[in-house]
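From these two lone chains plus the hints, build me the complex, please.
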Amino acid sequence: MGEYGIAPGQRVAIVWDSSSPVEALKDLVDKIQALVGPDNRVSVENINQLSQSAHRESSFDVVLSGVVAGSTAQHSAEVLAEIARILKPGGRVLLKEPVVTESGNNSGIKTAAKLPTALTLSGLVEVKELQKEALTPEEAQSVQEHLGYQGNDLLIVQIEGRKPNFEVGSSSQLKLSFAKRPGPSGKPSVDPATAKLWTLSANDMNDEEMDLLDSDELLDSEDLKKPDPSSLRAPSCKELGKKKACKNCTCGLAEELEQEKRSSQPKSACGNCYLGDAFRCASCPYLGMPAFKPGEKILLKENQLHDA
Amino acid sequence: MVERQLLVLFGSQTGTAEDTAERIGREAKRRHFQCRVEALDSYDVANLINELLVVFVCATTGQGDPPDNMKMFWRFLFRKNLPPGSLCQLDYAVLGLGDSSYPKFNFVAKKLHKRVLQLGGNPLLPVALGDDQHDLGPDAVVDPWLLALWDKILALYPLPPGLEIISRDVRLPPKYTLHYLPEDSPHPDGGLLQPTAPRAVPSELHPFAAHMVSNQRVTAESHFQDVRLIEFDITGSGITFSAGDVVMIQPQNCPEDVQQFCQLLRLDPDRRFVLKPTEPGTSLPALLPQPCTIQHLVTHYLDISCVPRRSFFELLSYFSTNELEREKLQEFSSAQGQEELYSYCNRPRRTTLEALWDFPHTTCAIPPEYLLDLIPRIRPRAFSIASSMLAHPDRIQILMAVVQYKTRLSKPRRGLCSTWLASLSPEQGDVRVPLWVKKGGMKFPADPDTPVIMIGPGTGVAPFRAAIQERVAQGRRGNCLFFGCRQKSKDFYCQAEWEELVRRGFLTLFTAFSRDQEEKVYVQHRIQENRRLVWELLSSGSARVYLAG
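Chains as they are written, first to last, in full-length UniProt numbering: chain A, 1 to 308; chain B, 1 to 549.
It is worth saying that the hints were derived from the structure and are not from the lab.
Misleading hints may appear alongside valid ones.
Unchecked claim - Taking lysine-lysine pairs in the PhoX-like style, the calculated list, with each CA pair at most 25 Å apart, reads:
#1 K104/B - K226/A
#2 K114/B - K226/A
#3 K196/A - K80/B
Stated by the list, open to error - With beta-carbon atoms standing in for the labels, derived distance ranges:
#4 A193/A - P277/B: 36 to 44 Å
#5 K31/A - I165/B: 55 to 63 Å
#6 S172/A - I165/B: 31 to 39 Å
The beta carbon of each residue, even a glycine, is placed where N, CA and C say it ideally should be.
For reference, chain B alone in the conformation it holds in the complex (with noise of 0.2 Å):
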């Protein structure tokens, strides 16, 4: 008897190649299919050789570059060292999610198709390119192109006899059962983040609890937009960093979103619980400790906020006890519901809990041990470091511009991370914020005599920050730094820092301040005015130039 057995493979940046393939997952089970769907960079590749059935699901991000959770396999594939025949007993298909008003369109799921073929695989179907700028998103390529994936798949492996494929109303068994510890059990101590033993650098399953130094806010109260420059104590972390990298900060739900939230389920935030993998060979969530209060679960876990996915809405309307709601929940599940499902939650940025309110029949009978299928996990924010370690060591600081915006909901949306981080403050006994640093795409040159040109407006100053810091302590002096805003009275950053160093030589700087005049002034405007002074540093100078914002 052929073994029914599918391999999932997926590279995910914020969570929909993630969503897309647990999606391909379920459908798997439901035409009795074994189904393992793990991220690139935790698959073993040595086994992938043996592997006869692979979906690969992988996002594009950057300028046409592989999500984090793939860079290793990437590199991997590409070795000019393995044979070409090494995939031959490999069917595959690849399923792609990019935005095509990028020029690097779906680079990653174009190449990965390509470079399988060329090692010998076998392709199901054409790769399928998923993508953002659709109205109705990536799912307008994905749902046929799913449809005829199982096609070539059931003629491969065709149903047992006797078997049905599982039908869309029978609801399938969590990812993990969830056990309520008894009441008087001892309360764990601490949250997230425990001070062990210094280990090895901090990275997203180990992130360094720092400790929060300053929160200062630098554009005028009057001015529409709260930015601030916020340092955090990173001492004895071992993190270090250089100009052009990037820190990583992982965000929590704020309490009365998380009290609200218990509410509506009716859960007690004080309990505790262990969670047990349904199928044996799932590894438990990372971060997440065991046992676990549902208070850490929900303020640290659990993405409240984030807009709700359609397999979301596709799981609530198994506990839904009401038919009304059941049947619209059904509704945005379909594929003829998309529009109706972006009109109520993409466009006007609907968060999870919001939609929950709105379903309350259905949301009080949603079962524990769900709510690790139901709600992702939340994903952490990156920031340009702002500072360099050699003009304040063991510090790293950032610019950060608090989000929020009104769409046509009477809430105003706002930033999960920026609106945590700009509330807390140092005063408040011991501010914890979760952080690590990755390597940025900006590098600057090694060559002391290299002249810079730096262009950055707004908070897109921020990394130039962190560059002429660094390089005024190396005594370079060749900085050139354009910087615009609207209004020098309101939100001119750093202006002292600025005028300090223009006044040691370290700095030549142009302002463009769009709003202070009847015509708007920007930087490029700038640019052009001296473009003499620029074409020099270009081409006697070498001078490198970049851009952010």
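This is chain A alone, in the form it adopts within the complex (with noise of 0.2 Å):
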């Protein structure tokens, strides 16, 4: 594993914001790249670009923000969620951001205690905070030139989260029980007072009075939909037409098929055609009729000599 943990093959997008030295960003974006691979798998996006980009959701494996040395990129609660949005379930991101250590500023600059809130609202788990650093004098003055606060407080956390391992929109049964003990056949046994309603309905079988629930209110939009029609088609759903031989083909279709030869008339003197048309061939002049005995002579009605 490389450095950030980044695994060759995998995609990673690297954001950066105008804090960032445009030297450090390209150092960092070719070390990746080589990391990585070729393929175009890193993808370079300005912090305030990144939800117009519009990423398609759930393609990243890694995300790295506000790394590059310098910088002072503050992550919003929209950037967070977008970020979350294109990660991978199971992703990581790996962020940095200037924080302060005192709250009661007005300066837009989250405390320490915010930052990993502030992931965590967004979606992200396994919220962990893996640095946290003074400042350098460039850092801080880059935090006054960009950021305008002037305060000497200042930390920078380096810290890291997870996208969950499902997808939006999956669903999973929950397994609610109305709690009844289970019985000897270690099921839940019917409570008496239910068994008794049951029965006392079930034998009043005939009652027409009784209130019915409407059964279409059970159906939901998922129900009232048809199969997709290409699902409705077989594999390779040959026609009559198709060229098979007979197990012991006498009468040369067997051959036919192998050498690809054609014949110029199907024979009508096969072994096998006095057989119903399970046995038969493609091609044999008798399709349509039952079953006759050997040596039967069967006189062939003139529509059935053309082909059907």
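If you want it as structure tokens, here you go:
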């Protein structure tokens, strides 16, 4: 595993803002590209353009944001949500952001406590603070320039989070059991009052006056859907015209299929034609007729000699 | 030791869900489960709270409706007073059979799944949605779902130590054993229909043996289609009906087919037999007299003209003495062989009898006791009643087209019921047809002043003939009929009747004869042309509109 825990073949998004020095950004991109290999696996995005780029959801294994040395990028709720969206389930985000240690300021910079919360609120899990560092003089300078903050209680925090392992829209059944103690067979036993009601009702089968539920109400939109027509086709639906020789073909069709020669006329003296349609080959002139006894002379009617 | 019990409950209209339920029953037996397979309305639903493992197999029919043999259960299930935790002991799964070309695709299975969940049941799998629209039919969904189901079930109820799943090579015992009576036993009298004391209103289990009064062809002889107006006498049956109701008719196989079947299987039609269930608790087949003759079984019970299902070929493969035939039969029963099977059977509409003819070495070796496992029973056919009790008391009339069409098979396909009814003639002795009446979907307004707009091309006009007769008898004049057919001179049924009613002011009639002129004219064109009148009826008259065809 390379730096930042990135493995070859992964898709990585690198998010930057105007505070990131260009050279450092370029270095980072090159390094990551070397790690993951060719084929455009690295996407580079400005933090303010991220939402507009509208990357496909769940397409990145790793997102690195604000990690370029000197970056003072701040991650708003919208940006964090977008990062969560484009990450694959189980994917990882690693970001760096300056934070203040004392609350009660109105600079817009998050407190150290607020940052992990912000990630969690965006839907990321396993949020871990990796590192907290004091700023270098250059970084402090950068913060002053870009964020207009003068205080000296800043820290740079490196924090990571993960996208949960399930996709948006997935569902799983809740095991709700209205807690009946299992009977001897290991199953819940029916409450006696319930059983009595059921039995009473069942013994009154002919009562037409009973109130009935509207069964249509049980159905949801999924139930109203029809199957996709392409799913109804058999993989290779061969019609009558397929060529298949009988098991002990004596009429020459088997050879014909092997050598792919066209014979001029199907031979009607085939040894197996007397067996029913189940055994006849596709070119048999007796198709459609019942099986007959061997040696029986069958006169084909005029209309049967023509192709069906 | 935990009991290995599985209950399969089904609701089936045409027999497909029942066939699938039986399949699950067989697979359960192979996994050493004690399995019961029952129709939902035959099951005592009071016991459901005690069940631990149930598979529901339910078709959706009509407009998102449950099949007839689960209608009572359905009404029970949705009662508001059923307590939510009732089915907390139940592990269940729902297999649905439907057709996605309908808007309410598999609604019964979907609703059932959710309702049982609501009542505290624990689903083992999501609901299976078998679809007729799939190239390979419902099995495309059912096959993989069943594999997953067995995994779940065996996880809950592992095979007892030392036991394996019974292999496919081993044949399971039949549902019934067949015991021939000695040859010199006296012959039974009559057939299906015993003239017994009148009982409750006729139903599927107790049809009424109606006498056929008339059987008239109503299309010109030169017309391609043979359509009949058939009248039955229902005096003394206790049957009542109103316009829009449906008559169910139980058909039978033609004598030639019966004879051919008996010859192929080397059965003596005159032999009498009784059936005994193999497993205690299995009920005997309803509608089959005991003792019974082979002739009766093959004529009235076994549906030898139906298109055989996959389970037919699977069972047949066990009897094969011929390697070539057995391999082919096994291929047809495998998941991979379904395309071949559809091409051989379903698409050309090959009958069971024709399939048996193609496998002679196997067919002659079929043990008679497997016949009821192999071949399903003949199902009744529904026809809209085309007459009113007010106009023709003690009579039921139907308008029936004889079904006949060609597929790639050389012999044309024929409808079982329509061909049989068309072959009957009142002059030939005492012809009896088993029938009963079912409520229909259409209800005509009780209010005498509400006008009625009816659109019924072809034989779709049948229920409207009933409605018009009923309303005319009640003096109601607001009757507007749009009728369409091909040619005025060929298939304009009931022409004289309509013209008379128009003369008397009881009927406004619009006709569309599609082939009497160069361009095609259909009922919708006539509706468009007369839109002012239609609008009048709808807006000022609050007319009801009915469509059938």
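Status of each hint after checking the structure:
1. For the proposed pair K104/B and K226/A, the alpha carbon gap of about 9 Å is at most 25 Å, so the pair holds.
2. At most 25 Å may separate the alpha-carbon atoms for a hinted pair to count; K114/B and K226/A meet this at roughly 18 Å.
3. The straight-line distance between the Cα atoms of K196/A and K80/B is roughly 15 Å, inside the 25 Å bound, and the hint therefore holds.
4. About 38 Å separates the C-beta atoms of A193/A and P277/B, a value consistent with the hinted range of 36 to 44 Å.
5. As the Cβ distance of K31/A to I165/B is approximately 60 Å, the hint placing it in 55 to 63 Å holds.
6. Between S172/A and I165/B the beta carbons are some 32 Å apart, a value that agrees with the proposed interval 31 to 39 Å.
Consistency with the previously given hints is maintained throughout, with no hint failing.
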